[in-house]
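Those protein sequence lines, which keep their order, are chains A and B. Note that our numbering has the first sequence beginning at 1, numbered continuously upward. Note that our numbering has the second sequence beginning at 668, numbered continuously upward.
No lab work stands behind these hints, which were simulated from the structure alone. Mixed in with the good hints, there may be bad ones.
Cut-off 27 angstroms, straight-line C-alpha distance, at most; resulting in silico cross-link-like pairs (DSSO-like, lysine-lysine) [unchecked claim]:
#1 B/K1012 / A/K162
#2 B/K1013 / B/K1110
#3 A/K345 / B/K948
#4 A/K346 / B/K1013
#5 B/K1087 / A/K162
#6 A/K346 / A/K420
#7 B/K1110 / B/K1087
Simulated restraints on C-beta separations [as the list claims (entries may be wrong)]:
#8 A/L584 / B/Q1015: 51 to 57 angstroms
#9 A/R28 / B/T1284: 27 to 33 angstroms
#10 A/R547 / B/A1277: 26 to 32 angstroms
#11 A/S513 / B/I827: 51 to 57 angstroms
#12 A/R404 / B/E864: 54 to 60 angstroms
Quantities reported herein were computed from a predicted structural model and do not represent experimental measurements. Beta carbons are placed, not taken as given, at the ideal position from N, Cα and C, and that holds for glycine.
What follows is each chain in one-letter form.
Protein chains: 2
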Amino acid sequence: MADPVTAAPDGRARAVIENVTPSVDGGRFAAKRIVGERVVVEADCFGDGHDAIACRLLWRREDGLRWHEAPMLAIGNDRWRGSFVAEAVGAYRYSVTAWVDSFLSWRHDFARRVEDEDIRVAALVGAGLIEAAAQRARGEDRERLKGWAAQLRETPEPPILKRLGLDEELAAVADRNPDRRFAATCAVELPLVVDRERARFSTWYEMFPRSASPEPGRHGTFRDCEARLAYIAGMGFDVLYLPPIHPIGRVNRKGRNNALVARSQDVGSPWAIGSAEGGHKSVHTELGTIEDFRSLCASARAHGIEIALDIAFQCAPDHPYVAEHPEWFRWRPDGTVQYAENPPKKYQDIFPFEFDCEEWRALWAELASVIRYWAAEGVRIFRVDNPHTKPFPFWEWAIAELKREHPEAIFLAEAFTRPKVMHRLAKLGFSQSYTYFAWRNTKHELVGYFTELTQGPAREYFRPNLWPNTPDILTEYLQFGGRAAFVARLVLAATLSASYGIYGPAFELQEASPRDPGGEEYLDSEKYQIRHWNLDAPHSLSEFISRLNRARRENPALQSDASLRFFPVDNESLLCYCKATEDLENAVVAVVNLDPHHVQSGWVELDLAALGVDAHTPYQMHDLLSGARFLWSGPRNFVHLDPQRSPAHVFALRRKLRTERNFDYFL
Amino acid sequence: MADPVTAAPDGRARAVIENVTPSVDGGRFAAKRIVGERVVVEADCFGDGHDAIACRLLWRREDGLRWHEAPMLAIGNDRWRGSFVAEAVGAYRYSVTAWVDSFLSWRHDFARRVEDEDIRVAALVGAGLIEAAAQRARGEDRERLKGWAAQLRETPEPPILKRLGLDEELAAVADRNPDRRFAATCAVELPLVVDRERARFSTWYEMFPRSASPEPGRHGTFRDCEARLAYIAGMGFDVLYLPPIHPIGRVNRKGRNNALVARSQDVGSPWAIGSAEGGHKSVHTELGTIEDFRSLCASARAHGIEIALDIAFQCAPDHPYVAEHPEWFRWRPDGTVQYAENPPKKYQDIFPFEFDCEEWRALWAELASVIRYWAAEGVRIFRVDNPHTKPFPFWEWAIAELKREHPEAIFLAEAFTRPKVMHRLAKLGFSQSYTYFAWRNTKHELVGYFTELTQGPAREYFRPNLWPNTPDILTEYLQFGGRAAFVARLVLAATLSASYGIYGPAFELQEASPRDPGGEEYLDSEKYQIRHWNLDAPHSLSEFISRLNRARRENPALQSDASLRFFPVDNESLLCYCKATEDLENAVVAVVNLDPHHVQSGWVELDLAALGVDAHTPYQMHDLLSGARFLWSGPRNFVHLDPQRSPAHVFALRRKLRTERNFDYFL
């Protein structure tokens, strides 16, 4: 054990700093915030005895040498709070420093002195401290402190002395010239990652480009996707995520419905990346050229949409890497490579990389160059396929590498696996994460899961992105629940989380046929074949989706998750929750009927204080889905939801505006 | 940010270790255990993908170089658990190591293979791994592994191959010769302090030696204390704590009842340490000689009692230090030293040390030598006076210093101050801590406070020592509650906590007169004068205390705090809780009437499963205070407590012993 008397910097560092928040695993990982947000930092700071403590929050850009300082104020029970605004996207560090402040201690003590002689002696003590502060000060501060000390030494009358000693303006001057020789500083410089707003608030649409052709039977292209942008933007999406756009392997290519043997006209899975035509840095010729892709990106930008690419680090057997770098794969004694598996799924058309091969440095560098390649093409959002089957240190390094050059990059982790693995990926750098949402259907499940994600430690690092469906996931709830199920799951996704996405057009067209009974794979899945979708079908949810996404854009409450709170309803099939902005200017209350088959009704009980509503004043609940407006009052109100008509309310809460006129306005 | 590819030891270290417990502030401080206890360590360990992980617990003595290993087993949700027995008192370190185990991964995979060719190829892969294990193995292991690999290479029949590959005995041989080149190890070597049993289970009696004389008016001596030992041991105490035994200052000496001016015959406060006769390394001549003190210690040991001394680092104005080391005190401009204060208390007879003076190293060294001096006299228990008014780094250093030489030393922190300060002192090394117990009277207060202490993070480092009274604390509850209040608070102290103490004979004689109305100071406090106590008074609680302490000695359940659980009672004045040994062999249930004035009754609801009692079998509740035995059955039972008779039950729970005979035995 170290000997503080010789080893510690100084035994006179008497202040203690504990329990700094936010903190992810004691500073091993970064907390996450969004540019422009106020970063609030708290710490337990205290010293021995009864002396006064002073505390400062320290912060700097990761690559900056200069620490900035912000004041920290005591908020009770030895807890201190300070904040700074994260003004730029990128990596930051923050810390806390604290010291026993002899001037402040003297001032507290001086205020308590009552006897004349005591006041005179204490004033002399104070004069000494103020002279020392003058030595540390510069310019005007120095002169004012010198003058103050002299007055304290020369004034004979205790009442005047007392007033002089407690002068608030002069105290502030002394306070900004403290003796920090023995300040303690938090042992860890805590990391912070500041992302752009889309990392927190994003609305995703996933689509297979090859199904984008308006002519049935023709392979869709990037140009077809470009023509589809108006439709997607019209629904209010701002991220268009494309499955891999690279050449598709021919060896062991899968046929329709995951058939082990493909027919000659079968198009294969886009995740079986690479063929003689190229690998991860090439585009599939059937989709078009790299120029076509650039044109798509540019048009998307014009529509307010960003293209997100799929990072799937794996190879078809005929990917050029396999021949050029056999050392990156694990060969079996029979000269084959064991194909990829994500039990119970088998990917006979895919070879995994051996990330821990002897030549791992070269492999990692090449894979990082793939991400850099697409970043150079202007792509800033990456949906990463199965990151949990690649080593954690790889992602931590690769994401940091890219974000050093492109701090605005966003990575979405597509890991459907054990909870601690998913959390680790979020901690080590993924900006957003897929979740278990698709399989959380009951009130108990939804409340438990989203309370954990938004109120537990994960709130500092795990940003959920909710998907009611994906090309791999057609849940039983959607298979059997009909339109009401699609609407309910859509509303839940779009309002429980500031980021959500759908796999379309399968979703808006309510595609619900599974390949196998009891399974979650789509029948005639686009993963293995081209599909033609009738976007104009009358049952399409596209108009409803537009309305929902408009509500998200127009209500800042729905653009972050920290404020999510659930309210009691006396019916297990009804889920009620709210989100509100910090200033309570904007508040949204959702009520969802989780039962797609039956009318459900019950009494919801709002926490009016949390919503900033006076208990005795009526308030208006404006349903952003139906347009209806209800006048409510008090915490308990009745709700009735018929799944055949609309299984959900998404209410904007409008408080009464008091006016001089005779009728009410609601804001 | 570091570049893992170049900076990390190896990107192939794929296993992750998170959330190791126990852990106090991420390993900044030591967890505490008792010698002979099994130290259970858990961690989240996992790798990417679907490979198998192996995990080991590492532990060593702080001063030992060799790490010992214990297996860790998966207990679900990627959590692993292992343990070791702390066989000696002293400082330990522990850590966790984990790696992706290629042999175990192969074995899991091999078990799933069904096709003949697949089995043959997989067997060859396994043979390669087993040959590698043979290279790492020695002696017999090596030969067995070589033979196994050869068989796997040569056996042609898949069914035989399969059985051979899954051989459990051979798997164990391979498992103990793993490839740990890329093991990850927890970044922190977590500290652990192993104390002797008395740190966990101790029964304290505080007494002023100067009041120990059997003759009224004569100053008590160490010899008088020796004569008092049989009485103290008879009540079942095992620690006798004496207020400071050093010469008492004459300058500014306090008179009776804290009078600012003492009369010539006044004896002063023992905490005003030091006079011309000596300081912290001397004994007060009126108490006797150092030989008398040694004799007292020896007699105490013979009675099963340890003497605990008071470490009060402060000086009377005439302490030799003041003249010899004026640099250790803070002098005011008028040539005086500001006397000590612990607001609202003022100690005009005491100078505090200036712990952060220029000469702090010399001061700290001298104070550490005081503790060492008494340790050399055989004292191993120190009650530290107001540690919170001295710097935290001082205590962390001084306690570690002494425990390096005397690991069996026990330090009790007498800090009645803000919660975080008290917890910091416990973390940095104090073995036991005074608590807020004296002021926690209602069910709500007691349940909240003791749940926090025994179930929250504090359970790893904060060992409560409960005192219903001290020379400074005569609570209103005791002032107004009469005998029932004394009994109730005694039972609470003795059963809520494995360590407790009383300040006697004031306690057993139910001394209840305050100096000032509304205050907590005793009238005619022994802090300032000699008192004569009639130990044979008929109202003495000594016999009751004996019974209670016998119950503590005979019931291991009462000797630790980790198992404390509260049970519901439908009466706010009745408190019910249990403690049980880990094996549930011994269980104690206490029910206390917190209202000293009225009879209270109600239904208690035991958690029978937690007590190891069958829901449908009667069990016996044996009241260790009254001797009465009740036959209970099921969780809900009725309790009726008359404070005038006995305000508490302390039940030993006796389960039915099934015998062949016709009547019941209870164990």
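Evaluation of the provided hints:
1. As the CA atoms of B/K1012 and A/K162 are separated by approximately 23 angstroms, the hinted pair is consistent with the 27 angstroms bound.
2. Taking the CA atoms of B/K1013 and B/K1110, the gap is near 34 angstroms; set against the 27 angstroms cutoff, the hint is violated.
3. Between A/K345 and B/K948, the direct Cα distance comes to roughly 77 angstroms. Violation of the 27 angstroms bound is thereby established for this hinted pair.
4. A distance of roughly 78 angstroms separates the Cα atoms of A/K346 and B/K1013; the hinted pair therefore is violated under the 27 angstroms criterion.
5. A C-alpha spacing of about 33 angstroms is found between B/K1087 and A/K162, which places the hinted pair above 27 angstroms, so the restraint is violated.
6. The straight-line distance between the Cα atoms of A/K346 and A/K420 is roughly 24 angstroms, inside the 27 angstroms bound, and the hint therefore holds.
7. For the suggested pair B/K1110 and B/K1087, the alpha carbons sit about 23 angstroms apart, so the restraint of at most 27 angstroms is met.
8. For A/L584 and B/Q1015, the hinted distance range of 51 to 57 angstroms is satisfied, since their beta carbons lie about 54 angstroms from each other.
9. Checked against the hint of 27 to 33 angstroms, the C-beta distance between A/R28 and B/T1284 comes to roughly 51 angstroms, which is inconsistent with it.
10. Evaluation of the 26 to 32 angstroms hint for A/R547 and B/A1277 yields a failure: the beta carbon distance comes to about 53 angstroms.
11. For A/S513 paired with B/I827, a C-beta distance near 46 angstroms fails the hint of 51 to 57 angstroms.
12. Against the hinted window of 54 to 60 angstroms, the Cβ-Cβ separation of A/R404 and B/E864 comes to about 55 angstroms, which satisfies the hint.
When each numbered hint is compared with the structure, violations occur for hints 2, 3, 4, 5, 9, 10, 11.
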